[in-house]
Amino acid sequence: MGSPEVHGFQEESPEELDPLEQGLEDRVATEAEAEKPVVREQLAEPGGHEGAAEPAEHGRPDCSKLVLLSAVGSVFCCGLDFIYFIRHLTDDHKRESARMAEAIRSFVNTFIHFTKPIIVAVIGPAIWLGASILPLCDLVWANEKAWFQTPYTTFGQSPDGCSTVMFPKVMGGASANEMLLCGLKLKAQEVSGKGLVSWVFWPGTFIQDVMDRIKELTSSNPVLLEESNSLVHCNMSLELKQANERECEVLKKIWGL
Amino acid sequence: MGSPEVHGFQEESPEELDPLEQGLEDRVATEAEAEKPVVREQLAEPGGHEGAAEPAEHGRPDCSKLVLLSAVGSVFCCGLDFIYFIRHLTDDHKRESARMAEAIRSFVNTFIHFTKPIIVAVIGPAIWLGASILPLCDLVWANEKAWFQTPYTTFGQSPDGCSTVMFPKVMGGASANEMLLCGLKLKAQEVSGKGLVSWVFWPGTFIQDVMDRIKELTSSNPVLLEESNSLVHCNMSLELKQANERECEVLKKIWGL
Amino acid sequence: MGSPEVHGFQEESPEELDPLEQGLEDRVATEAEAEKPVVREQLAEPGGHEGAAEPAEHGRPDCSKLVLLSAVGSVFCCGLDFIYFIRHLTDDHKRESARMAEAIRSFVNTFIHFTKPIIVAVIGPAIWLGASILPLCDLVWANEKAWFQTPYTTFGQSPDGCSTVMFPKVMGGASANEMLLCGLKLKAQEVSGKGLVSWVFWPGTFIQDVMDRIKELTSSNPVLLEESNSLVHCNMSLELKQANERECEVLKKIWGL
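Residue numbers (my numbering), protein chains in the order written: chain A, 29 to 285; chain B, 29 to 285; chain C, 29 to 285.
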């Protein structure tokens, strides 16, 4: 498979990476034969999402079993780059709102329609879209020092990532609104108790533990993984697609105000 | 806005209210610009529900952002007044059953179709309809000394308030049935763990804490609050309306026996 | 009612049963007037499921109020007998796969369409189908020393018992996949926190406590129990039937490979 890359969600201070973290890329690629999602921390360019979470197409057969989304810094993912975004909105509200909403729509649909298991390793803060997409993933593992927040209304935004449908399903409507309307910040253990995170690892051995569990998972029959995954997803894909459409329509409307 | 009133769900011993509790009404009205739901502890009159949880119509524009449902006594809400109800059933089972079922149907539909966020501050016991409607509200805050119980079968009633659909969604079917079939009584911390309550406040500062959080919420853009709220709700309103119809049909049938 | 029987899910070592456990059968039958499900620990014969969880038809009116599924050994239920199954697959993959998938389909549909409350008392390990069917039951009580595991992919199987729909509903998708994809083994207290089990009893008094609670439940109006139960179920029966079909199709496909 040559030297496939697994880019993290975030590269806050690449120069500060310790060797273990640096090693993550190669090992996921070679041991897990994972696909190669390229999801940047901040979707600075509306078009920048296109390769996100999609398998690279290099004209070779796709022999991967699952996708691991992680980060090589201390932050997992902070969603949209508001500064870029607000600057562009100033120029041409209507056109930019539509472009940005379309970028998010397409990004989120990629998660909805993805056929292989997506495993997320949340090493640090997961904010806005970085938190809202978690219920669209199949296994959500978190570093004990990670935290989760979706302060949409505080920043004049409406929820995205199908969180208006999936957060209530996962944790009940009231807890979902504590996050979506009130912007409540929660620790890894707290969101684990609410079902958003399925496993909390200790910081010291986070990367090693994640790799051990990935290795275990990839020993399973890939057909079985994909079939099981598809059984869980098929029940909700239409509902999620519609939720994504609705959320993006509201974002466009709010940005266009 | 003149002197809008926020009547609590319950006025158990109005004369015993301490000044802080008395102050709740004015402050919610003035600080939160909340709407003015008039929901009595017990729906003694079938027609008495009509103003319940609906914004007062005073011919002036509705500039409220959200609704706060609370109580000015030590009890939150005990649902139907069974004594009134059983007396009336004695006279004309069929007619009274239909009237009462219609009253509940309409009361619950008001919650289902309400477009602004409904925040509930559960100061004390929430029983039957007082507990079953909680998942239809958007944020559910509870006093640590509050408790929750829906002992329907024990009293010969069937569940209402869409609890047959929402309780399983929030806490899973088995826990839902512990409450709906077995009448299990749960404390605030326990229902919080199950997702029915999203925040538990300490008794000593309950009212102050509720007001602080309301103040924070009302600093949000009202359009955003309503749009976000609508995104969460639109996915379920048809399902809830149908559940309400079914539950009221069963109540009518049971009362008519 | 003569001497109706309640066969446990499992009879690991019948000769080791203590008198208290032996007594369970009679008391459930007489005190709870429970129906008479005959669900074997292992569905060795595809046709063996036919009486499973269905009321015995003895030409007498059905006056039972609920069904209690339990076990008279130290194991609750381990689902399919893989040794029997793999042997038969060796002879005629296609025919046996279809027969076995049909047996599971029919077994699971019995749970989906059952009109009276099903109470489960999980005395010990609940594995594969023994765990996956739990969300199809109405009250799930567990011995504190019981544990729960669905290691499907490890054994080359895909999930059954509507677990691909119900596990995510009960505990959120990520926790569901920890069990369904990773085969995570959980203790009674842990699955209780996730909503799969609604009550955990201490080992020493498990049977007595179960019987006390059953006695309480059976003091309710049977019409009310059935109506309440039906309200909770009707919302999901179509979705569950479809999930069951999908899961059995995948099993057939995997077995036929």
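Honestly, the hints are just simulated from the structure, not real lab data. There may be inaccurate statements among the hints.
To be verified - When the alpha-carbon atoms are kept at most 30 Å apart in a straight line, the in silico BS3-like pairs for lysine-lysine are as follows:
| id | chain 1 | residue 1 | chain 2 | residue 2 |
| --- | --- | --- | --- | --- |
| 1 | C | 144 | B | 269 |
| 2 | C | 173 | A | 144 |
| 3 | A | 243 | C | 243 |
| 4 | A | 280 | B | 281 |
| 5 | A | 173 | C | 215 |
| 6 | A | 122 | B | 215 |
| 7 | B | 144 | B | 215 |
| 8 | B | 243 | A | 281 |
| 9 | A | 144 | C | 215 |
| 10 | B | 281 | A | 213 |
| 11 | B | 215 | A | 215 |
| 12 | B | 213 | C | 173 |
| 13 | C | 281 | C | 144 |
| 14 | B | 215 | C | 215 |
| 15 | A | 213 | B | 280 |
| 16 | B | 280 | C | 243 |
| 17 | B | 280 | A | 281 |
| 18 | B | 269 | C | 243 |
| 19 | C | 144 | A | 243 |
| 20 | A | 281 | A | 269 |
| 21 | B | 243 | B | 144 |
| 22 | A | 215 | B | 144 |
| 23 | C | 215 | B | 213 |
| 24 | C | 269 | A | 243 |
| 25 | C | 144 | B | 280 |
| 26 | B | 269 | B | 213 |
| 27 | A | 280 | A | 122 |
| 28 | A | 269 | B | 269 |
| 29 | A | 215 | B | 281 |
| 30 | C | 243 | B | 281 |
| 31 | A | 144 | C | 269 |
| 32 | C | 122 | A | 144 |
| 33 | A | 213 | B | 122 |
| 34 | C | 122 | C | 280 |
| 35 | C | 122 | A | 215 |
Stated by the list, open to error - Computed beta-carbon distance windows for the label pairs:
| id | chain 1 | residue 1 | chain 2 | residue 2 | range |
| --- | --- | --- | --- | --- | --- |
| 36 | A | 250 | B | 172 | 48 to 56 Å |
| 37 | B | 120 | A | 285 | 38 to 46 Å |
| 38 | C | 266 | A | 173 | 43 to 51 Å |
| 39 | B | 172 | C | 266 | 22 to 30 Å |
| 40 | C | 184 | B | 240 | 26 to 34 Å |
The beta carbon of each residue, even a glycine, is placed where N, CA and C say it ideally should be.
Does the structure keep residue 243 of chain B and residue 281 of chain A at a Cα separation of 30 Å or less? holds (26 Å)
Are the Cα positions of residue 269 of chain C and residue 243 of chain A separated by 30 Å at most? Between residue 269 of chain C and residue 243 of chain A the Cα gap is close to 35 Å, so the pair fails against 30 Å, i.e. violated.
Pair hint outcome, residue 280 of chain B versus residue 243 of chain C [Cα-Cα no greater than 30 Å]: At roughly 28 Å apart (the allowed maximum being 30 Å), residue 243 of chain C and residue 280 of chain B satisfy the hint.
Hey, residue 215 of chain A versus residue 144 of chain B, does the alpha-carbon distance stay inside 30 Å? Between residue 215 of chain A and residue 144 of chain B the Cα gap is close to 29 Å, so the pair holds against 30 Å.
Starting from residue 269 of chain B, check that the Cα of residue 213 of chain B is at most 30 Å away, please. At roughly 27 Å apart (the allowed maximum being 30 Å), residue 213 of chain B and residue 269 of chain B satisfy the hint.
Straight-line alpha-carbon gap residue 281 of chain B to residue 213 of chain A, limit 30 Å: It is violated: about 47 Å lies between the C-alpha atoms, which goes past 30 Å.
Holds or violated: are the alpha carbons of residue 144 of chain C and residue 269 of chain B at most 30 Å from each other? holds (25 Å)
Holds or violated: residue 144 of chain C and residue 280 of chain B, Cα atoms, limit 30 Å. holds (21 Å)
Does residue 144 of chain B lie within 30 Å of residue 243 of chain B when you go C-alpha to C-alpha? With Cα atoms ~16 Å apart, residue 243 of chain B and residue 144 of chain B stay inside 30 Å; holds.
Could you grab the alpha-carbon distance between residue 281 of chain C and residue 144 of chain C and see if it respects the 30 Å cut-off? Violated, at roughly 33 Å.
Quick one, are residue 215 of chain A and residue 281 of chain B close enough, alpha carbons at most 30 Å? With a Cα-Cα distance of about 48 Å, the restraint between residue 215 of chain A and residue 281 of chain B is violated, given a limit of 30 Å.
Need the status of pair residue 269 of chain B, residue 243 of chain C: alpha-carbon distance at most 30 Å? Answer violated: residue 269 of chain B to residue 243 of chain C is near 35 Å, above 30 Å.
The structure fails to meet hints 2, 3, 4, 6, 10, 13, 15, 17, 18, 19, 24, 29, 33, 35, 37, 39, 40 from the earlier list, while all remaining hints are met.
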